[in-house]
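Number of protein chains: 2
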Amino acid sequence: MTTDIWLNETLYPNWGQRFLVKRELARERSDYQDIVIFESFSHGRVMVLDGIIQITEADEFVYQEMLAHVPLLAHGAAANVLIIGAGDGGVLRRVLLHGSVRRAVMVEIDGEVIRLAKQFLPAIAGDAWNDPRAEVIVGDGIDYVKRAPNASFDAIIVDSTDPIGVGEVLFTDEFYQNCARILTERGLVVNQCGVPAMQADELHDTSIRRRKFFPHVTAYVAAVPTYVGGFMTLGWAGKDASQTMIPVELIRARARAAGILGETKYWSPEIHAGAFHLPPYIAQHLPG
Amino acid sequence: MTTDIWLNETLYPNWGQRFLVKRELARERSDYQDIVIFESFSHGRVMVLDGIIQITEADEFVYQEMLAHVPLLAHGAAANVLIIGAGDGGVLRRVLLHGSVRRAVMVEIDGEVIRLAKQFLPAIAGDAWNDPRAEVIVGDGIDYVKRAPNASFDAIIVDSTDPIGVGEVLFTDEFYQNCARILTERGLVVNQCGVPAMQADELHDTSIRRRKFFPHVTAYVAAVPTYVGGFMTLGWAGKDASQTMIPVELIRARARAAGILGETKYWSPEIHAGAFHLPPYIAQHLPG
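First to last, the sequence lines map onto chains A and B.
Quick note on numbering: the first sequence equals residues 12 to 299 in the numbering used here.
Quick note on numbering: the second sequence equals residues 12 to 299 in the numbering used here.
Derived by calculation from the structure, the hints in this document are not laboratory data.
Each hint can be trusted.
Same chains, same label: a pair holds when it works inside one copy or across any pair of copies.
Derived lysine to any residue pairs resembling SDA-like cross-links, with alpha carbons at most 20 Å apart:
no. : residue 1 : residue 2
1   : K276      : E68
2   : K250      : H227
3   : K250      : E196
4   : K129      : R144
5   : K33       : N19
6   : K276      : P291
Treat the numbers as computed from the prediction; the structure is a model and nothing was measured.
With the rest of the complex left out, here is chain A (with noise of 0.2 Å):
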């Protein structure tokens, strides 16, 4: 006989994922949330917040690589780029791969997660923190992009849970607005959208908000194995509408250039031109 303990996810009132779970390493309650992490039987180690799911030794990848991937080889110079949220640093790690990136500033609300996963999950970010041209600061994203100057980042890359609770403030009008004004001329801000057969609204929502201050506003697909529910989206904002139409070809000489080609288990050229054709059911929500 073994004695079996599930956590069981939260998320969604009526359905869920189950983890059977091996240890656990860390339980505590921030200032924000609730942050547990545990090593699974399945899925390596796993960091839960507030009872959601939020990253997975095994498949971390898909998300960081398209969340940092993406917008970068779609702007294809970008220098200066936000991160905010993302506390494991694995977008961190991503970002900092691209040639181009002088300076990546990270911006997570809660020191906690950074801790605990510097302790824990080590291999996510890697060496990314100890980088000379990343500066991570322990703050509070809605205030930095309400003090940035003008025109100061070529990316924003916003990592959040979803818009309730702790990144709720991350989808409002003003926040959007200031990202308008800290980006540069071909400058964009991608984020989390959620699952669309689960939670439709979020991508209709949160892209309506983006519209008023950006021209030009999609999503961007990922087949992520625990934010499960078929593709999730990954909301786009940008001032050139060109970016989110890049052919292949090219797309795999910017890869070439940045050292990312071939360094990479989800992304590549050819997903990366195929993740903004999204499904018929998915583009039913974005905005007309």
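With chain A held as given, fit chain B onto it using these hints.
Leaving out everything else, chain B in the frame of chain A:
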């Protein structure tokens, strides 16, 4: 207070999805498997075979569209189609949408699956059961392909359970050898190959078998919400390598001629073409 009843999927020992059950509709033991149909709060009605989710009303379109439309439009003129499994009738319905199809033979081993699907999931097959081009056989698909005449089908669609339990015999050398024999000159066979993030061996092992009898073996992907774990793969074995590299505009023209353009919720010409570009973490499981 409410009394909550949860159904926990038992596909994997260490990880799973769970559904809050609104009402149990059917539960029986057929000659082949344990069959449960229930009403969920999240996904409409759900059919479960031997503890594994097979189909839900909410997301069946993803799997069925990709399993039917991709091979038929890639072939371009499929007149005779063989469907093995798929007792709910959803693949049969999609196959019959294609004007080119003159005969669709469906061979399902478990008559109880058909009977219960007709009773509790009638919308999935719609009127397909009564289409004069449809020939529905309750019988053994292995045996059917063994006896079928040479060059009698243009496409074979295998909608089986995983290669364990009832579905196991559909993944043998003998089965694929017979498929090759009964297919016409440009014929092809597709079959579900599991979710590589969780079941990587399934794609690898069955691809090796298919390659013994077909010159062109590959796979394509679909993000099916309730086949959880990111992309699932659909195995492809054909005699004409050009079928998996058809330009988007030709796919669109064929879909328009077939009468399915604009009638789908997941499939689109771009999704079709993009589905053959596998993420590196999946492509590595194909035999080199």
